[in-house]
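Make a model of the complete structure from these sequences and hints.
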Amino acid sequence: MSIIRSLVLISHDPESKLLGSEAIFAAFIEQLHHYDLQDEVSVSYATDIGQSAASPLVIIYPEAVIYGPIKPEDVPLIVEEHLYKGRIVEEKRAPTKGLSGKVAWLPVRKGSNPAENRIVLRNIGVIDPESIEDSLNQNGYEGLAIALTMSPEDVIKVISASGLRGRGGAGFPTGMKWGFVRKAAGAKKYVICNADESEPGTFKDRMILEGDPQSIIEAMLIAGYAIGASEGYIYIRGEYQLAIERITKAIQQAQKIGFLGEGILGSSFNFTLHLHSGAGAYVCGEETALLESIEGKRGEPRTRPPYPTTQGLFQKPTLINNVETLANVPAILRNGAAWYHGFGTESSPGTKVYTMLGNVNVTGLVEVPMGITLREVVSIYARGMKKAPLKFAQTGGSSGSIIPASLQDTPMDFDSYRTAGLSLGSGALLICDDENCIVDIVKVLTNFFRVECCGKCAPCRVGTQRMYTTMTRITEGKGKMGDLEELELISDTLTNISNCGLGETAGTPVRDMLKHFRAEVEAHIKLGICPTGICPMVAEVPEFV
Amino acid sequence: MPAETRCESGIKEMVEGIVAETGSARSDLIPILLRISTECSYISEEAIRQLSSCLRLPESEIFAVATFYHMLLTQAHGRHIVQFCESAPCHVAGGREIFQALKDLLGLKPGETSQDDRWTLFTTSCLGVCGIGPVVMVDTDIYGHVLPEQLPAILENYR
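Which chain is which? The protein sequence lines are A and B, in order.
Be aware that the first sequence starts at 75, since it is given in our numbering, and climbs by one per residue.
Be aware that the second sequence starts at 169, since it is given in our numbering, and climbs by one per residue.
Read the hints as simulated data drawn from the structure, not as lab findings.
Treat the hints with caution; some may be incorrect.
Derived DSBU-like pairs: lysine-lysine, alpha-carbon spacing no greater than 35 Å straight-line [unchecked claim]:
1) 552(A) <-> 271(B)
2) 159(A) <-> 91(A)
3) 552(A) <-> 180(B)
4) 460(A) <-> 530(A)
5) 180(B) <-> 461(A)
6) 460(A) <-> 323(A)
7) 323(A) <-> 271(B)
Please read all numbers here as calculations on a predicted model, not as lab measurements.
Below is the structure:
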């Protein structure tokens, strides 16, 4: 028997892969054989730890030294010095500045990065996502084992008591939703994991699926047991090839061990899980469009009621939860509802994963308690603005709010944001400095809705197109003051009479722009100038995409 | 059998093979179309006709589904597909300059195919790798932190 004394983890997300993580892996294997260390050192892939600048990363335990960015030709030096001679190669260590708070799972040491509270990202970058054993070593499936000793009603009670709210954007109480499906009439029910993450700037779900796929399977099993479903679907957007591969492997491994199938863990609970790949349509993240898509149809949202909780997939009661929501479930079962209330605020307990993007020093993922402010995220985790001061941040992908700098001290939780007239959305934080033009950004956002609108209902089909042409006209210096009233009218109409969430939120960027930055928009129209010098202010050759 | 033959004269056998492996329920339609699109680079009219008789679904219904999803291509295109992410995070990170440089370099507008059939240019919504924007995708390869001056070298990899 061999005793492993060191563990080498190599980041293997798409970014690292492009930068040669496979060659690095091969180089480690070769060099370890060269020094005859292959039995003492284990080499695994891990997803990156959420930090783009230092990828590809190599992490060596037990010293917990992080090297990065690493090239294949650096490997001989690291193996010789670190693994053979036991000396840390200082010059190859990842710059601390570039790492933000992504190493919070290490014991907090002096001079280390700000700590995060990692619940859903707890295993990301720590385990080999293609090994179920790694997951089991980190208490994987313990939550399921606990759930199976309880009655389904009691499982729902725990989730309700934890105060967990949906992380897909709407913030609906998860326990209540589970209860609805549990109580719905009918013997056949479904659990669906909504992994059609397509909000621009959001990639938290991708990281969870790629980094800890077993946690999602475990959560779906718990949900299935609680609501009385024996079949589930994971709907992953087609663009996420690596996530699809990882989940496919994870399902096979879980089947082999017996977590999926019949008589799970010696109980009478049976569960089968299917993976359904999307084919490229933003609107399929809307839950009823997602159902249509699984059924093999155009992803057009259904008219509600009836809601999916009573008539969902194939007209059966269906529970649909976001990836991040589900990723919280095993931890809540393991540690209890009271523990979960130890994070976040009273009405929004727990943590939230944000993606920090834009004009800041550190971009990437961060998991922090609910109720932290934008100012804190920017100054602590994103390490401040890159060049110029904060002008606004845009949350939750395209449908989120525009938060002007004046509102950056609003606590980021569901209720505080609602009171302030903002939306938390999916957790993307596109942080923009004052060299950005609001009109230009909003034009880009309205273009997104115009392209992604499914075309089923008229307000959205016509309104998004109309908003885009009006915004384009303003950037070309041909805007009229009357355009602003029309934009407000379209925005309100979209919110009031659209069929689904896409249309209802499509007007948000325009409304927020006029609310917080009206003077800047009027400068484009009245003075014919773009104060930041971004908009062309002359007509461009039209493009019909 | 080379891909051209399989996707043209052999399309009937190919579609039947895929249906046999994937299943013939309505919910199998999108997985089937994804496979045809990957293997033949696009879903031809003939493929839809064959699928229609295999699945006993109207051609119009299959066409309606195929044209709804971005990843299902129903038109022939160049040997390589260049996709530029036009979502806000890439836009803020310098995407505007990249897109202009890309259009100039290829001499194409979005949706167009070059005369030598080498390139087709598309715009795309977020690809979920926003940490490294601006992002350009060529076929299935993603390039991040792209600078305008790097574009010729990137494109040179694809003949």
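Okay, the hints, checked on the actual structure:
| no. | hint | in the structure |
| --- | --- | --- |
| 1 | 552(A) <-> 271(B) | holds, 25 Å |
| 2 | 159(A) <-> 91(A) | holds, 29 Å |
| 3 | 552(A) <-> 180(B) | violated, 54 Å |
| 4 | 460(A) <-> 530(A) | violated, 42 Å |
| 5 | 180(B) <-> 461(A) | violated, 59 Å |
| 6 | 460(A) <-> 323(A) | violated, 40 Å |
| 7 | 323(A) <-> 271(B) | violated, 40 Å |
Comparing the model with each earlier hint shows violations of hints 3, 4, 5, 6 and 7; every other hint is respected.
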